[in-house]
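Chain A is already provided as a structure; the job is to place chains W, B and L on it using the hints.
Chains as they are written, first to last, in this note's numbering: chain A, 14 to 366; chain W, 14 to 366; chain B, 14 to 366; chain L, 14 to 366.
Among the hints, erroneous ones may be present.
[Said to hold, decoys possible] Quick look at which bits of chain A chain L covers, simulated, 3 or more residues with Cβ under 8 Å:
#1 80–88
#2 128–141
[Unchecked claim] Straight-line distance between alpha carbons at most 25 Å, and here's what the computed SDA-like set of lysine to any residue pairs gives:
#3 A/88 - L/111
#4 L/332 - L/227
#5 A/284 - W/129
#6 A/269 - W/111
#7 L/322 - B/227
Simulated from the structure, these hints should not be mistaken for lab results. Each residue gets a CB set at the ideal place from its N, CA and C atoms; glycine is no exception.
Number of protein chains: 4
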Amino acid sequence: MAGNSFGKIFSLMTFGESHGEALGGVIDGCPAGIQLDFEAIKVEMQRRKPGQSAIVTQRKEEDEVQFLSGIFEGKTTGTPIGFIIPNTNQKSQDYSDIKDTFRPSHADYVYEKKYGLRDYRGGGRSSARETASRVVAGAIAKQVISNIKITAFVSSVGEISLNKSYEEMDFSNIEKNPVRCPDLEMALEMENYIKEIKKQGDTVGGVITCVIQNVPIGLGEPVFDKLHAELGKAMLSINAVKGFEFGSGFDGSKMKGSQHNDLFNSDGTTKTNLSGGIQGGISNGMDIYFRVAFKPVATLIQKQDVLTKEGDIINLQGKGRHDPCVVPRAVPIVEAMAALVMADFYLLQNTKE
Amino acid sequence: MAGNSFGKIFSLMTFGESHGEALGGVIDGCPAGIQLDFEAIKVEMQRRKPGQSAIVTQRKEEDEVQFLSGIFEGKTTGTPIGFIIPNTNQKSQDYSDIKDTFRPSHADYVYEKKYGLRDYRGGGRSSARETASRVVAGAIAKQVISNIKITAFVSSVGEISLNKSYEEMDFSNIEKNPVRCPDLEMALEMENYIKEIKKQGDTVGGVITCVIQNVPIGLGEPVFDKLHAELGKAMLSINAVKGFEFGSGFDGSKMKGSQHNDLFNSDGTTKTNLSGGIQGGISNGMDIYFRVAFKPVATLIQKQDVLTKEGDIINLQGKGRHDPCVVPRAVPIVEAMAALVMADFYLLQNTKE
Amino acid sequence: MAGNSFGKIFSLMTFGESHGEALGGVIDGCPAGIQLDFEAIKVEMQRRKPGQSAIVTQRKEEDEVQFLSGIFEGKTTGTPIGFIIPNTNQKSQDYSDIKDTFRPSHADYVYEKKYGLRDYRGGGRSSARETASRVVAGAIAKQVISNIKITAFVSSVGEISLNKSYEEMDFSNIEKNPVRCPDLEMALEMENYIKEIKKQGDTVGGVITCVIQNVPIGLGEPVFDKLHAELGKAMLSINAVKGFEFGSGFDGSKMKGSQHNDLFNSDGTTKTNLSGGIQGGISNGMDIYFRVAFKPVATLIQKQDVLTKEGDIINLQGKGRHDPCVVPRAVPIVEAMAALVMADFYLLQNTKE
Amino acid sequence: MAGNSFGKIFSLMTFGESHGEALGGVIDGCPAGIQLDFEAIKVEMQRRKPGQSAIVTQRKEEDEVQFLSGIFEGKTTGTPIGFIIPNTNQKSQDYSDIKDTFRPSHADYVYEKKYGLRDYRGGGRSSARETASRVVAGAIAKQVISNIKITAFVSSVGEISLNKSYEEMDFSNIEKNPVRCPDLEMALEMENYIKEIKKQGDTVGGVITCVIQNVPIGLGEPVFDKLHAELGKAMLSINAVKGFEFGSGFDGSKMKGSQHNDLFNSDGTTKTNLSGGIQGGISNGMDIYFRVAFKPVATLIQKQDVLTKEGDIINLQGKGRHDPCVVPRAVPIVEAMAALVMADFYLLQNTKE
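One chain only, chain A, in its complex shape (with noise of 0.2 Å):
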């Protein structure tokens, strides 16, 4: 109800604070007898962990998840999956000069006027870090609905732009290069570009595709709770999204129909997939593929204008050990939520039967 939760049958809310005693969530709704592959979940924490490469950030955090319940003899029992990711890294010296201060395009300011008052410390609440208990139950999801394919990728950073269908690429290059673009030659100029944009103190954005593969006919509900609907949702639930698009997206919003229908097989698939996997809300069988925006990180290396509580603007040297660029690391967010969101459909479908 306050926000924290996401999903309906399968279902997680997350808590916890950058720098508060340790981030973590509760998976309630998770079927029971499936024998978890614990390593799974660690590669995927290992593909958002801070520090894996030299284009991310280099704080260092762990990132270790400890189970407290719901699992037994390694296989879950039904019953609520408790976890916690301890915050051993916090240095809460760092962030006291921003205690009194909000920065430009931060949360900030509206956390303190929305809640009266706020953790400051490393955005608190407000910060990416969260979305490592998101990474858990995306993790877990994956195992719930193992027949179906989720793969995210970066295809652009800033300008950089990888301008070609998802099916002409080669997905098993995806974890080969740091930025986590399927394309080998684009992600070596997009790397490079990356560390230009360190070099200057300064952040860019860029563009994660995501593609959902082997997905039953059939789920979704609509009208509101359509499957890109909750799709939707969830990307733009993680930090920094600032749009999304599926099949044809925007394009699509050029053309004709006489260009954009998608003619049926006598199988039931369709000739081409403007649609995106999901027609009147619903998966019709085909790939779902969409796009997801992100804006560049906030935090820079630069000196910056700042508001102070009393009022006033100062200018204040940024510092720390930030990304430069979100979106290599925001590749297994966007898998984790995608596989919220179907785990969930998935789950909820079959009481229909």
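Okay, now just chains W, B and L, sitting in the frame of chain A:
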């Protein structure tokens, strides 16, 4: 739960098929004591209504709302507001030929697969006729949050795009032309284009921009129910929508942080507003603005290949009275959904004080 | 959220005041493909209807249900089932004298205080007339879980109490007498007592027992949504209910564990059933049974002190056509609410497989 | 959704098994800016804790709460409050003999059947140990609604029943005796009876009465989420509860309307309070009071027939350290659940203004 309700505090559940007895809805959580302006509700319904101009469908639907409960002597009583919109113009006979066929890029096929049967008349539940109920509820929501001003308009039709900021527009022009574009010159160009498309028996997509002004600081419930995430879900739940972006949107992903950050004025407002009035999922008091992409309507007045239940592909002549371009009539729907989201968060926020 | 919906998977939202245009409801989440037995729905409505015998109110209410959506060619389509029950017999003039007064033990006063105004005609939203919508939905829910048998009956009226187990009863007697008590001798005694009470212009309370048989093992969602907790909430939401107990109930609190424990048979059934078919919030396959206490109707055909809006106490003669004892007509309501709970958990349980 | 969360505005999700790593919970929707009284939380935990007197279980559980988030410099921040209670005293070896057996009137059998497997150690999720998390959240809820006074006490143990109104009681006596009965003479009688029962290796049930005072008028959300319906659900969700009645309760069902109606005073209070402070599901400002029936604990220190997984009935000697009577320790749990309900409706009500 099953997807036909929206909102938590101010919630709407809708029901009804295109050619059933009636459409309708129930609003639960409307505050008591609001003297309803029924004329204003009627005006919104007129804006959505078919047949209002030469560029929209010529179907005749009266769309007269009957309120059944929750209102006493003209005022809301705090109890659920039930309403119906009788379907007076059902021409069921028109649809007999689609009974056993699945039209491309319609929801026919997925409804049949998901539910095992479907009301095929006029698209049944998947018809955009359902949005009439949303417009009723949205018109009431607007009265709940009467200080907040919500304005939507058509910003592109096909390739014809209004390449100016909403701030340069004169909103009083919107209702002065059938396209609902505030730039009268562009409006005429769009209108002519739609007429041409119509003549071809084709359809075209478009984009609607929505601006929400005079928003109190603090609306939105992170980390999942961020204000823009709910707005995004609301918009994506509208028929034919393929994309949503707010503030800088997809263009923001191409920018650097040093360009994108909105610097503060000393009163907490910002010099620029690339954030689109929302930081960290919470309104910051600046204008909220977003863009919604609509695909071209799938029904063509042309010959098209359709799939039969038996798995045959047959060529069928489309007929009927459909919109060549959906965006002019979708303007009040976008506003209605925005009003539902804003009313919900507005009422919820009051719990925190 | 605002309290007028019930259930998660199979959910019902109701609307309507006693003397408004119509009552009604929307059922969302009803599985598709159920061939509805409309006659069975009518039968349930007849059981709840006023005027059916000499011991219930003589008001005339047709209580004819009109289904508006969600049903096609007699079958549920999986989309929301909207229905209305027009109020054909509103005699608003009868209620003018209660416009400015608050009757004792009615909801007049609290509605006025909570909402600032109220539809005073016939109790408005607080009237038990609202339960007509529940009976419609319950009748459909029964068809969703047609294997599960739900039987309610009157087990006491005032001090006259049926002191036998439900297992000794012949359920086929229930509908053979106006009290709906399966023991025909006791039924006659109760009937005569109610007639006497009626002559006095007084009212009397009573108890309804409900038995749910042929329940699959495993329904219920601990730790909060235990099966009996939802049944209890469902019953307590019915007008005039003051108490709920299941299995051994309040008497169980007097017992020792060595007396109370239900020993197993080797097939997993139990030799006794003091547990009432539910362990730890989950059905165990044995009969579920519970008792629901109803207070006497507050409307008397006697002189009574009432409070005026101005804060005066005045002595007013009660009038109208009210039930001297609510339990005979509440039997189908108890069954309906039980059916809603069971259908909801039944459909939810199927998600776990 | 899956049953482990409670409340809409002030919501609690709990997790944890009796013998897992830790229990815990997440509170979402706690208003910001509350200076938490941690000592008061500790006091509530002490009241629930095992080993506090000779008549309760002698298990040693530290029940130390660790808050992980949502609190900054001692104040709530409006973000989720995550907390854990480590399980420091798991003696898993004690439970090896119940691994393959189902104890009578325990949840062993239904958990195994529902989920296909179970954490059998100490009852796993079905253990009343879970209520520790509720007491933490309830202690915080009490601080949110500090003007509302919630007092529970033991009103009967087995056949020994306190046959006086709560108004005749001196609540300051409650914590002066291990039974938590405000009548010290009766308390001693109950205490001696429990000791005798304990000597027999048997257990006994009891009743807890709860009184809620200083309640604002207007809390509760008819027609389904009536205040007493939610209180009833809350109580019925507590382990071992078999019944709930408020105000006149089951006795009220025996009365005539002329006896039962609560006549008004001119200030809107009532001369009597058989209604129990709630009319039509909405608080009327009078004291709310209700009774909760607890069955005897199912674990006996006696020989008992149990069912094995293989379908054999074997006679097993019960052992361990269990409560001979659960009601003394359940008093703070009843108060905690009442506090959760009241806080939720209190915060929700503020949305209506």
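These are the hints, each one checked on the structure:
no. : hint          : in the structure
1   : 80–88         : holds (count 6)
2   : 128–141       : holds (count 7)
3   : A/88 - L/111  : 19 Å, holds
4   : L/332 - L/227 : 45 Å, violated
5   : A/284 - W/129 : 24 Å, holds
6   : A/269 - W/111 : 22 Å, holds
7   : L/322 - B/227 : 23 Å, holds
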